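Given chain R, put chain Z in place with the hints provided.
If you read the protein sequences in the order shown, they are chains R and Z.
Quick note: to get the working numbering, add 1 to the position in the first sequence (first position is 1).
Quick note: to get the working numbering, add 1 to the position in the second sequence (first position is 1).
Treat the hints with care, as some may be off.
What the hints assert, rightly or not - Rough simulated footprint, nothing fancy, chain R against chain Z, three-plus residues with beta-carbon under 8 Å: (1) 35-46; (2) 77-86; (3) 91-101.
Treat the hints as calculated values from the structure; they're not laboratory data.
These numbers come from a predicted model, not from an experiment.
For glycine and all other residues, C-beta sits at the position ideal for the given N, C-alpha and C.
Given next are the chains, with one letter for each unit.
2 protein chains.
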Amino acid sequence: MSGGVVVLTGGVGGAKLVLGLQQVMPAEGLTAIVNTGDDFRHLGLPVSPDIDTLLYTLSGKANKAQGWGREGESWSFMAALRELGGEDWFALGDHDLALHVVRGMRLARGDGLAAITQDFARAWGIGIGIMPMSEQPVATHVRTPSGWLEFQRYFVERRCEPVVEEIAFRGASEALPAPGVVEAIMAAEAILIAPSNPFLSVDPLLAVPGISTALQAASAPVVAVSPIIGGKAIKGPTAKLMAEMGLEVSNAAIARHYAGLIDGLLIDAGDEAPEGVVVARTDTMMRDDADKVRVARAALDLAHGLMPG
Amino acid sequence: MSGGVVVLTGGVGGAKLVLGLQQVMPAEGLTAIVNTGDDFRHLGLPVSPDIDTLLYTLSGKANKAQGWGREGESWSFMAALRELGGEDWFALGDHDLALHVVRGMRLARGDGLAAITQDFARAWGIGIGIMPMSEQPVATHVRTPSGWLEFQRYFVERRCEPVVEEIAFRGASEALPAPGVVEAIMAAEAILIAPSNPFLSVDPLLAVPGISTALQAASAPVVAVSPIIGGKAIKGPTAKLMAEMGLEVSNAAIARHYAGLIDGLLIDAGDEAPEGVVVARTDTMMRDDADKVRVARAALDLAHGLMPG
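Here chain R stands alone, though its shape is the one from the complex (with noise of 0.2 Å):
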């Protein structure tokens, strides 16, 4: 693949493939194109959980015991805060804060998220391309037995507990793709989907109508890696959604979730292959960098073997 590789992508999954993706081609051909539902503003402050994940696994200070943040992390912050009576349910650590208030004041200088994402993954020796979806707000909301939440009161203040009847990404429609985003679809050879959760993660992308307009107009074959393993989800809340919204957990649901916008999807090696979609299998499980290289590779094989020509 001599580059122009774009992946779709949302949290600790998505990061994983990208990692991968980025030990086996050159940086300069790839760009991440990245969930931003589940932003939100948080005391004032404008965090970018997906984007953060991802910066944060590339330059190597991704906390992967703990599945989120940084490693290394102080709590000062939160400590203070508790003393104040402030709010207490999403930890923000010492580090992770300087994200969130440079980009706060950036933003309100009037700085893009595009230029101000790319510029904290240049500072930090990142060289793929990192865009956020959109710079306009898109919010993705959960709607429960008991109400309709903002995803980040579902997902870290719940737990992920309360069943999930509907999914609404408010903003979506009327949001336009982040600055580079239609181009580097455009320009892509291969189109990935990480094995990111597609109800969470990959929806609020193809939400964004100049997205899914990109995508069904190149000519780049799209290939999505199943989040599924064994009829089970690997990571997070996606098994136990596509039960609450009568969805088997299968690769079958997957292939029928993304029908007619991908041309392939990468399974699991002991998985039975879904119709309607060109298959290849692999040990999809990624733990460790052999596996973050392996999945990447196999998944950039099948998107090869769908080009045209």
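Same frame as chain R, now just chain Z:
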């Protein structure tokens, strides 16, 4: 003294006097009106150095050795800020950040600085009233041979090295006293001026028209504690500044500066009394708590002696 003592105060020196006063009179009768001319936005966050010094001092959190900030502070945020190439000339500790973040969030929500400050004081068990001089922005600037500098650029970044040719309190003439300030002054039995820098910390308060008018109209005696001992300033740039402005570093110069405002001046036991003002003496150097109590008592006694009837 049955109550109703108001102190006009700036940073560290003033906070020591207020701490002494807190120990010799009922907290509910004591109100500190605090300079906000040093306030500024840093990284988009609203920093109120003199208010925060008072909050830290009265709650036992102040870093006494350092002379600013909190005891046991950690610096992870600053380390992460440097990684991002952020401005690091002004140090924001991890705990300290909580004050600025919560203040910023509440200001953005439309809350006033007076209510926010009082809530902070209450959260930390501080019983006295702490009021910003104004809720409108007043910004101390100093003119140096190379041009005007914002106060923190002069004080922190340049460590008071530039020669000061002129001082301006931008916004002061249009600023209103914060809610409660005029009422506290008018109801006071005694009004004290802390041994803060008269030119940089007390003058901004006096430059707010509603405050100077209230001080003139108030029936209570006004007593200043001199920041000069033996021809030297106790702390900070007071003496250097006085020399640069062509003033003799003496209690006489302090008395002249406050002429028409003060009825009494508390000076150090070893110093000569200036003319034209009632003087009392004590050892005015405040090293430990006993010193602070002694100076507080001496200032209150002087005010008491000056009360009508």
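Hints versus structure:
| no. | hint | verdict |
| --- | --- | --- |
| 1 | 35-46 | holds (count 3) |
| 2 | 77-86 | holds (count 8) |
| 3 | 91-101 | holds (count 7) |
In the structure shown, no violation is registered for any of the earlier numbered hints.
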